[in-house]
Amino acid sequence: MTYLAKPKFRHPALVPNKLGFTHRDYEGSISTLCAGCGHDSISAALIQACYELDIEPHRVAKLSGIGCSSKTPDYLLGQSHGFNSVHGRMPSVLTGANLANKDLIYLGVSGDGDSASIGLGQFVHCVRRAMNMVYICENNGVYGLTKGQFSATADQGSKSKAGGTNNDAPIDLVGLALLAGATFVARSFSGDKHQLVPLIKAAIAHKGSAVIDVISPCVAFNNHPGSTKSFDFVREHNEAVNSLDFIEAREEITVKYEPGSVEEVKQHDGSILRLHKLHGDYDPRDRVKAMNYLQERHAAGEIVTGLLYLDPEPRDLHAALNTVDVPLNSLGTRELCPGAKVLEGINDDYR
Amino acid sequence: MSIDMVEGRAGNPAGARPGMKPTDIDNPDYFHKVVDCQWACPAHTPVPEYIRLIAAGRYSDAYMVNWESNVFPGILGRTCDRPCEPACRRGRVEDQPVAICRLKRVAADNKDDIRHRLPKVPAQKNGKRVALIGAGPASLTVARDLLPLGYRVVLYDQDPQAGGMMRTQIPKFRLPERVLDEEVDYILGLEPDLRMGNGIASMKALLAENYDAIFVGCGAPRGRNLELPGREEAAANIHIGIDWLASVSFGHTTKIGKRVIVLGGGNTAMDCCRTSRRLGGDDVRVVVRSGFEEMKASPWEKEDSMREGIPIHNFLVPKAFTNKAGKLTGMTFEKVKAEYDAKGRRNLVPSGEPDVHMECDDVLVAVGQENAFPWIETDIGIEFDKWHMPKIDEKTMGSTHPKIFFGGDSAFGPKNIIWAVAHGHEAAISIDRLCKGEIVAAPRPPLVNLLSQKMGIHEWSYDNDIALDKRYKVPHLPNEVALKDVRAEVELGFDRELGYAETQRCLNCDVQTVFNKQLCIECDACVDICPLDCITFTANGDEKELRTRLTAPAKNTTQDLYVSDILKTGRVMVKDEDLCLHCSLCAERCPTGAWDMQKFLLEPAQAGHSCRSR
Chain P
471 MTYLAKPKFR HPALVPNKLG FTHRDYEGSI STLCAGCGHD SISAALIQAC YELDIEPHRV
531 AKLSGIGCSS KTPDYLLGQS HGFNSVHGRM PSVLTGANLA NKDLIYLGVS GDGDSASIGL
591 GQFVHCVRRA MNMVYICENN GVYGLTKGQF SATADQGSKS KAGGTNNDAP IDLVGLALLA
651 GATFVARSFS GDKHQLVPLI KAAIAHKGSA VIDVISPCVA FNNHPGSTKS FDFVREHNEA
711 VNSLDFIEAR EEITVKYEPG SVEEVKQHDG SILRLHKLHG DYDPRDRVKA MNYLQERHAA
771 GEIVTGLLYL DPEPRDLHAA LNTVDVPLNS LGTRELCPGA KVLEGINDDY R
Chain X
3 MSIDMVEGRA GNPAGARPGM KPTDIDNPDY FHKVVDCQWA CPAHTPVPEY IRLIAAGRYS
63 DAYMVNWESN VFPGILGRTC DRPCEPACRR GRVEDQPVAI CRLKRVAADN KDDIRHRLPK
123 VPAQKNGKRV ALIGAGPASL TVARDLLPLG YRVVLYDQDP QAGGMMRTQI PKFRLPERVL
183 DEEVDYILGL EPDLRMGNGI ASMKALLAEN YDAIFVGCGA PRGRNLELPG REEAAANIHI
243 GIDWLASVSF GHTTKIGKRV IVLGGGNTAM DCCRTSRRLG GDDVRVVVRS GFEEMKASPW
303 EKEDSMREGI PIHNFLVPKA FTNKAGKLTG MTFEKVKAEY DAKGRRNLVP SGEPDVHMEC
363 DDVLVAVGQE NAFPWIETDI GIEFDKWHMP KIDEKTMGST HPKIFFGGDS AFGPKNIIWA
423 VAHGHEAAIS IDRLCKGEIV AAPRPPLVNL LSQKMGIHEW SYDNDIALDK RYKVPHLPNE
483 VALKDVRAEV ELGFDRELGY AETQRCLNCD VQTVFNKQLC IECDACVDIC PLDCITFTAN
543 GDEKELRTRL TAPAKNTTQD LYVSDILKTG RVMVKDEDLC LHCSLCAERC PTGAWDMQKF
603 LLEPAQAGHS CRSR
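Read top to bottom, the protein sequences are chains P and X. Numbering-wise, the first sequence is residues 471 to 821 according to our numbering. Numbering-wise, the second sequence is residues 3 to 616 according to our numbering.
For reference, chain P alone in the conformation it holds in the complex (with noise of 0.2 Å):
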């Protein structure tokens, strides 16, 4: 953290983007977490993502709840939407955002507290309906914000900073998101934004409910030896099945690969995501054999890391819905109020 606004100075040779930024357009303000915040380098990935796939950031909406994890859509993006809620509640405002203007990039910040603790439900019940949005939990294990107490998402066995050892059973939101019926599941590490910032952009780039559980330790109160969260833990332990290259659906594809070594799935914009297996035969679109994976790894103490569960055909909200084609919230009082006798056509139906 630092009273300092970043100097407005950039480097001379930053390449542009199609639209003419850089990535230090996509910037927001200074952040005000702990120095060394694994979330500030999520905030870094996602910024860094939005850069590379040109997006407008006038077409981003931020979306957060409370604790520090919500902080950051302040720290990024100072051009797009905005909105802070209520601890544990920006699924259903993202929901209802999302309702009103299905042409926004819909982009969920949350944190361990504020997903698997007080907004459990709101998390279930957004995936479950197939929301069109990226939810990124920004997840450390712990309370900071309140001094360090566990969180919901603590391994079991796992000391906190004062020495207390966590009894309960861990939730694993990324398991949940599979049970739920999310379309574009990935788990990964703020400390490895080669993983992170592909995986990023394919979820961007999915239109369905894309979950992203990022491991972002807490250098304050959970970065010491005994925490399953901390930087060290979590590169001896990561376990990568794949990594990613998300190839957006215009650029041309020039490079060979060893038969067998890479798998190329084509999403429904056309993007294409090039996965090079790390990990034996892991099939990210077998829903069933992802969470026996997830569970079996889990119990040998390995942190699975990547691209765990793609549906490239993913229906949404509003799909299923069956909502006109444009924002709702572009409609005039013409198409809302239609008039007596449209109404007489649609009472004549449930006649």
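Hints are not guaranteed to be accurate.
These stretches of chain P come out as covered by chain X in the derived footprint (C-beta under 8 Å, 3 or more residues) [said to hold, decoys possible]: (1) 481-489; (2) 503-510.
20 Å max Cα-Cα, derived SDA-like pairs, lysine to any residue [claimed, not checked]: (3) LYS405/X x ILE384/X; (4) LYS174/X x VAL476/X; (5) LYS476/P x GLU96/X; (6) LYS546/X x ALA483/P; (7) LYS541/P x GLY498/P; (8) LYS476/P x PRO593/X; (9) LYS476/P x LYS456/X; (10) LYS570/X x GLY696/P; (11) LYS337/X x PRO231/X.
Computed beta-carbon distance windows for the label pairs [as the list claims (entries may be wrong)]: (12) PRO695/P x ASP467/X: 47 to 55 Å; (13) ASP751/P x LEU453/X: 54 to 62 Å; (14) LYS519/X x TYR473/P: 25 to 33 Å; (15) TYR473/P x ILE27/X: 25 to 33 Å.
Quick caveat, the hints were computed from the structure, so don't treat them as lab data. The structure displayed is predicted, hence computed values, not measured ones. Heads up, the beta-carbon is just placed ideally off N, CA and C, and yes, glycines get one too.
Please arrange chain X on chain P, whose structure you already have, making use of the hints.
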């Protein structure tokens, strides 16, 4: 697996190739190079150090930092060739460097009486006698360095007053006499034995006087002539630039014709044309063989001349002086153009256009200066090269005669004052070592201090906020006033307010980013916050390849990469020093103190001091 994962996508597993060695920050040169201005300064003046003192209103302290290093802060603050400014990091971050030279003047203009802070001359002398030939900046520097150590110093000069070219060649409208006198007097106050108006006729005779050492600092006193048709006939109105400037300086010349042609593209030419404008020249023009960009004059001197209504004509080669019955009428020039051969060398070739004739009343020839040592006998042990220049050791300033040293323009030809000062310091060390029976050529390590500037979580003992201000312009006298008086100082200098505003543009490059590998947890916080994308954690590689895959490409190969030892994940930290703002954000964001901001203060060695500090 977990380690490879970090760099997995890049396909550069750590340790796969040897790559760069960790940077040795114990070598004083490493951080010295980061302080671009100080590194570029021949005298290695600690520029950011005195700029901070000016910002704090401590003008006398700022002046003394300068005085100890470059001896003539008030003079240099007006006349320096400023090698520091093109080097200034600010000029790479935005358009214009910090106005370092003019800030030096702010310190000189606003200081209190500093005479009590000058070194004292010991009553007990050390018994050694040193002769200095020429009383210009090089010799005066030697005198200043040696007199406080107890040497008896004898200063010879052909002119009646000390100062050398600073007095004879630099016009008073650029350097007022009181400023020159003040700083020359600080040295004369150390009581050298003055032999003014006393040119040396024979080195052999001087050697016979049994001095323990002799220093030659007599400048490059001979202005180059231009032998062209008509030179003899019209000689009365054709003047050699530096001689004419000296004549103006001493008051012998007080006017010039209405139409003046100045030949040459260097700073002497600029002084000649501007002086002419003040002595009655209405139509003063500079004519140069080369193009405008290749002219030797400093950009600001060209700018100042043009501001005074002096046009610069380029690509014209002098062909003949024209006269009517022995009275100069003008000059003929051949038009040329620049052509570049396969090796990129420039040749001036006739453009084929008709010759140009310009009418004038006087011509000033400022096409170069030469060294001349007619008074040095060829059989006394001083070797000269084929250009008739003495063979000088660049480190010790010694000639091939063990007791005779050279410095300033007489050593390597015309340079500028700050080089003369630097030579003087080195020669003084050599003379001191010679007289003490020490090894003259032994290394001369600087005094180096590296100290954390951390005062609190967000507090540093320097102002780390980065001002976005553009370079401030120095106010000038209006032309109608300035051109009436050859002694009226034309540059007014920054006042305190403007000076303060300009100090805020300094990036404090001497406050170094120091990385401690043991403390780093590789959280990326520094990478994310760095406004100039200087920092990268990546697999090691050889420098050329590494430079291509940093957060921002490191294309300026004159600036070093700061590389750590191998970290826990097998990667290294690489910082490109090129555009670092020294804003401290990496250190503020670092949760473990692996980054710290430490002030690097380097004082070059000076005579007599084995270890100094302010």
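Now the hints, each set against the structure:
| no. | hint | result |
| --- | --- | --- |
| 1 | 481-489 | holds (count 4) |
| 2 | 503-510 | holds (count 6) |
| 3 | LYS405/X x ILE384/X | holds (10 Å) |
| 4 | LYS174/X x VAL476/X | holds (18 Å) |
| 5 | LYS476/P x GLU96/X | holds (16 Å) |
| 6 | LYS546/X x ALA483/P | holds (17 Å) |
| 7 | LYS541/P x GLY498/P | holds (11 Å) |
| 8 | LYS476/P x PRO593/X | holds (18 Å) |
| 9 | LYS476/P x LYS456/X | holds (19 Å) |
| 10 | LYS570/X x GLY696/P | holds (18 Å) |
| 11 | LYS337/X x PRO231/X | holds (17 Å) |
| 12 | PRO695/P x ASP467/X: 47 to 55 Å | violated (38 Å) |
| 13 | ASP751/P x LEU453/X: 54 to 62 Å | holds (58 Å) |
| 14 | LYS519/X x TYR473/P: 25 to 33 Å | holds (28 Å) |
| 15 | TYR473/P x ILE27/X: 25 to 33 Å | holds (28 Å) |
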